[in-house]
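Chains Z and L are the protein sequences, given in the same order.
The first sequence runs contiguously to residue 165 in the working numbering.
The second sequence runs contiguously to residue 169 in the working numbering.
Calculated directly from the structure, the hints in this document are not laboratory data.
Any given hint could be a false lead.
Stated by the list, open to error - Below, computed lysine-lysine pairings styled on BS3-like, alpha-carbon distance capped at 30 Å:
no., chain 1, residue 1, chain 2, residue 2
1, L, LYS24, Z, LYS63
2, Z, LYS92, L, LYS144
3, Z, LYS63, L, LYS144
4, L, LYS144, Z, LYS3
5, L, LYS24, L, LYS144
6, Z, LYS63, Z, LYS149
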Amino acid sequence: MGKDEQSGLRSWEWTQAGVSVQLVQRLPDQTRAFFQARGFTSADADAIARACVFQTIFRNEGKEPLAYDLNDWETAHRGQILPLQTRERWEKTWQDKGVDQAARIAFRWSLLPTRQNFEPGDYNWGMTSFGLLPGESFDLSLLVTISGKTLTGRIPAIVCATDQP
Amino acid sequence: MFRILLSLFILVVSLPSIAQQAGKGLTQLPDRPQAPDFVLADLDGNQYRLSDYRGQVVIINFWATWCPPCRAEMPSMQRAWQQLEQESILMLGINVGEDEDTIFQFTANYPVEFPLLMDQDSRVINQWPVRGLPTTFVVSPAGKITYRAIGGREWDDPDLLATVRALTQ
């Protein structure tokens with residue numbers, strides 16, 4: 001676990017076999033402001049902000065192609081196993097609520113792709129959301145496929161940011 | 001309001017150092033699919049149709065102003081453009097989902113001279129094999145998607161430019 005001394009934001013990183021996954025806390029206020037500026041109502045932006053959002057940086061620094069699917073990743077929280085809140089899960093919410101198309105486009109592209117194939121040297125940034133309240137803690141189990149072989153990992157004790165880091 | 005501004009400031013000062021870590025190289029696509037055609041306007045209303053540039057190499061960058069790696073690679077794209085524009089190689093930045101005012105404000109801090117096109121309803125990006133931003137493609141003179149880069153790059157890297165230039169021969 002790391003901590004940015006200037007901002008107080010904490011981060012967690014998993015690296016193995018040339019794969020690097022870094023999760024950096026986003027303050028709920030950051031996320032709220034970001035989505036309000038892109039057309040979400042205060043209530044909807046607040047719902048996203050309180051869904052445990054991280055800036056996530058996923059890099060392939062190895063020598064082999066890799067693939068991942070966030071549907072294969074799980075969080076362990078208070079004895080429960082929960083899925084990530086992917087673009088597709090959120091999109092259903094926005095459709096049901098009739099959220100403006102421009103806001104939905106911004107939302108979709110802001111989140112880490114649900115599935116991705118990286119060649120060596122590729123990377124993505126994107127938000128991940130875990131659907132837990134600010135201050136909650138969870139373990140993340142992740143799965144990556146490298147040249148057809150499955151690699152699993154676990155990042156323990158990740159903490160959802162509160163507005164007072 | 002103060003807390004929101006403070007939060008945005010923290011975000012801005014915390015993340016750029018990570019964003020500077022550009023990816024490496026271009027991936028050659030073995031199947032070289034035909035590049036989906038499009039017609040998009042730039043900030044001045046000029047229309048760009050991709051198929052009009054058949055016979056030229058075209059670099060197509062999908063991006064957004066809020067995307068840190070997109071912002072980080074813009075200066076190197078401009079430097080690359082300064083070298084390439086005399087060589088019959090076109091560079092097009094396709095902004096996803098944002099309006100003219102937002103992009104115009106962005107160019108005050110990130111001045112670029114290559115065309116910035118607007119895909120406000122994401123109709124074009126949805127036809128291309130893009131899952132995350134930024135993603136950049138190099139289209140051959142025959143209109144085939146030949147190379148892809150997921151994540152930012154240093155576009156004026158000599159090796160990278162040599163790969164692009166080789167497509168013109």
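Taking 30 Å as the top limit, are the C-alpha atoms of LYS24 (chain L) and LYS144 (chain L) close enough? OK: LYS24 (chain L) and LYS144 (chain L) at ~22 Å, within 30 Å.
Next pair to validate is LYS144 (chain L) with LYS3 (chain Z); report whether the Cα-Cα distance is within 30 Å. Given that 30 Å is the threshold and the Cα spacing comes to 45 Å, the pair is violated.
Take the C-alpha atoms of LYS24 (chain L) and LYS63 (chain Z), compute the straight-line distance between them, and say whether it is at most 30 Å. The hint holds at about 11 Å.
Hinted pair LYS63 (chain Z) and LYS149 (chain Z), Cα distance within 30 Å: Cα-Cα ~14 Å, so holds.
Does LYS144 (chain L) lie within 30 Å of LYS92 (chain Z) when you go C-alpha to C-alpha? Between LYS92 (chain Z) and LYS144 (chain L) the Cα gap is close to 35 Å, so the pair fails against 30 Å, i.e. violated.
Measure nothing beyond the straight line between the CA atoms of LYS63 (chain Z) and LYS144 (chain L); if it is 30 Å or shorter, mark the hint as holding. Since the Cα atoms of LYS63 (chain Z) and LYS144 (chain L) sit roughly 26 Å apart, the hinted pair holds (cutoff 30 Å).
Comparing the model with each earlier hint shows violations of hints 2 and 4; every other hint is respected.
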